[in-house]
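S.K.: Sequence:
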Amino acid sequence: MKWKPLLCASVSTVVGLAGVVPSAAVAQSTGTAGNPQDTPAAATNNPTDIGPTAQDGTDSSGAIIVTGLRRSLATAQEIKRESDGIVDAIVAEDIGKLPDTFASSALQRVSGVTVTRGGGESAGVTVRGLPDLTTTYNGRQIFTAEGRYVQIQDFPAGTVAALEVYKSGTANMIEGGIAGEINVRGRKPFDFSGFELSGSLNGVLSQQSEKIAPNGNLLISDRWTTGIGEIGALLNVSYVGINFLDSTREQSLVIATTDANNAPTAEPGLRFPDAQGNFLGYGERWRPSANAAVQWKPTPELEIYADGLFQGFRSKDYNRWMFIPIFGDIKLSNVTTLPGTNQIDTATVTGAVRPDGYTGSFNGKTDTYQVGGGVIWKRDRLQISADLAYTDSQYTANLVNVDYAFASSPVRNVEFETTPDGGPTQTFVDFDITNPANFISRGLYQELLIVNGKDWQARTDLSYDLDLGFLKRLQVGVRYGDRDAGRDFGNFYVNNEGAGIPMTALPGADVRTSLPGFTYNTAQPNVAYAAITRDSIRDNLVALRSFFGTPEGLPAFNPTDNFRANEKSYAAYAQVKYGFDLGSVVVDGLIGLRAVKTKTRISGFSRIEDTGGVVTFPPITAENDYTDYLPNVSARIGFTDELQLRLAYTQTRTRPNFFDLRPNLSLGQPVILAPGDPCLDDPTTEECVERLRRGGSAGNPDLKPLTSNNYDASLEYYFSPTGSVTAAIFRHDAQGFLSTVDDRSTGGLRIARPVNLGKTRLQGAEVSFTSFLDIDGLPDWAKGFGLQANGTYIDAKGDLQSNFAATLNNEPQRFPGVSKWAYNVIAMYEKPMFSARLAYNYRSKFVTYYSLEALDPIAHGIIEKGRGQLDFSTSVTPVPNITLAFDIVNLLGNPLQRYRQYNTGDSYTRQVLYLERAYSLGIRFRF
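Numbered according to mature numbering (1 follows the signal peptide of the UniProt record, and there is no 0), the sequence shown spans residues -27 to -1, 1 to 900.
Below, simulated BS3-like cross-link-like pairs (lysine-lysine); rule was C-alpha separation at most 25 Å, straight line:
no.	residue 1	residue 2
1	K732	K770
2	K770	K793
3	K838	K770
4	K572	K541
5	K793	K838
The calculated label-pair distances, taken between Cβ atoms and stated as ranges, are:
no.	residue 1	residue 2	range
6	P851	D483	41 to 51 Å
7	L566	T314	50 to 60 Å
8	L746	N386	51 to 61 Å
9	P851	D438	43 to 53 Å
10	G649	T238	15 to 25 Å
11	N682	D438	23 to 33 Å
12	W754	P851	13 to 23 Å
13	L208	D483	35 to 45 Å
14	N682	L781	24 to 34 Å
15	D403	T238	17 to 27 Å
No wet-lab data here; the hints were simulated from the structure.
Note that the structure is predicted; figures quoted are calculated from it, not measured.
A virtual CB, placed ideally from N, CA and C, is assigned to each residue, including glycine.
Build out the structure end to end from the sequences listed, making use of the hints.
M.R.: Laid out in structure tokens, this is it:
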């Protein structure tokens, strides 16, 4: 195939926010897992210190005080106001009331945070344009399989007490992310004053897929005073499901040119994409999840705790792709152009290579476990804590594609830019794509991927309150990590198009007309076509393998695609908190240094073929050993009780992914051309040489960590418990971002290999406003109105890989994945019996990636256009402790659009993607 749709499912996809639980009170923690410095929540920069207690935030009956959205906003505001660093937080009550199904969607409401959308979910979280994050759960590092981090949407709302975004770090925080850290704080039994029972149940209807998914969670917690001290226990279980159908119209990045042969009746020199396609991606995904915790406080000075977390991910995807070539021995007629351009708008195509495609059945499964425990001991001015944890995560993916082709190549009428959404459409003349008899079998592809990761982590921290003038506190600590990662991959492909076997002759084939998709668009009429069903693929897989002559069972693992890695890290830090007065101005801050030694060993296999054609796979191992020193300096200058300025300088670094560090090289499947392809007649043309290169990928064990010097300043004005105006500026001077380079130096191969790039600069500003209408003289009902608004500006440019940069005068280019502008506007209304929110999120256009294409010598970027999304939620509490909730996600239904320039000022739409709209109706309770 010449090109493939740029749509893929995340290993760690989506968890719905199904529940509402009590909002946290700002108070001193009674102890959470891995809590090295147990200081007041409002005066810490440690991801585990912000927690509710039984001593504060309770009424005389012992029930948690729940004051709704106002309380959650006040809590988040106090966290930001009193933290040692630059932190934004969303507490659980706030999450539950956002018009969002997923935790990552809730996180995008934070200034500086952006997400990507697709597959019925929000993913790809970045902070201030950077994707290289550390993710922690209760302060412990957590990851999925062999990766460096976990997707935030993997956490159901019922297990979340708060999401905390740390934009500037401190020495006592775990190293690992130049973008900062996102900590997910789970609930503990000492969060509640006594017995707690809460939960939710709701259904989510996805409009395009026309299916309903159930969601629910249940939390049970209690605490007791006994003869051996105070004991608490908590159990929280959750199930989150989602269905989706994403519909995509797309066309090739190769822009062809008319001449006397391919368009005899049109003027020469007109441009047009040389292929079109439709992609329908349907999926069913669900996540079982559970966490449990025990806390024991035998004396006021000592706490012992243990907790565990299970995250599950299950996926059954069904993908259909149709590829419509506009190349071969083509003749274009009835040609029209876009006004004022040499770009073809519509044409009739004859003689093109026959269309083809595939029907894909994908199963994915993730199981992640984390268990740990520790102790916290406090006496007078001294606190000592220790924590030990073990993490085990495995992801398994099994893909089966049944490839098809049209039995003939019909004449097609094509349009390259429709209105108003852009992108291609096509109709076929005298050819019924809903008739199974018009399709033949083209091949069978299967792959199996198993990736896993394990980790032991241990830390000990000491904090001592000093009495030395302006020196207020000393913090020191050590941490040890021992991480294993592994990957096994195997695949095969059999092509049988030459046999001309009807698709209906495949064993057990159940061929039906597919779901139409494109619910919010009428530009594409031919979106429903005959396709083999997912169930008939899975239920007859043994017979299909036999029919195609492949080995029985799952694909054998290919040694050159696999690796085993071990990484040991040794960290130590020292940090001092200082404070003094300059007249009426109060100044405090931190000065610290974290030293981290990393030792990595990664093993795989190389492939050697001798002159006799004998292939062997000798083992290969690469080792690395390096030390990083990461300083931090910060100051908080309090001009008044309401107005303060923060200043911070930090150094951060991110280790390369294990997959990128692997020492081996693996080859993809050979290129198979369709009948009638012009490269069969003359494979020596420049375009055909590129198309016929066999692809492959390789790692690079010599990759260096990504490093960054970070500068932050934030001016904050707090005019009420729920009202604030803040403005921040920031700059990241980064070195060593990774990019994948196509290496064509190895014969007829195209090897994708990661390399470190040069310098990247990201700088920008954030502004944020939050307030309710607490104005004297207004009636009580009017004071329920409120507004949240924030905006982020980022200017990001960096070096590209050398072969791309050479086509752009070696000048720094826009950094991929970074929008220049992003903003949120949330209108809200909150009263005890009724609440509502209307939330609009927008991010401006950004480069998804850069590419060099045949017939285009410039490395232009694929641009995703700016897009806004409007979401709505409302809830009614008819009786105490029972709430009915209704949400709508993606009210506007506007598409996601991508395009690529091929000349300065000239472009065609690359993709138009129509995302799901989801409706949720449910009930929440707490007793």
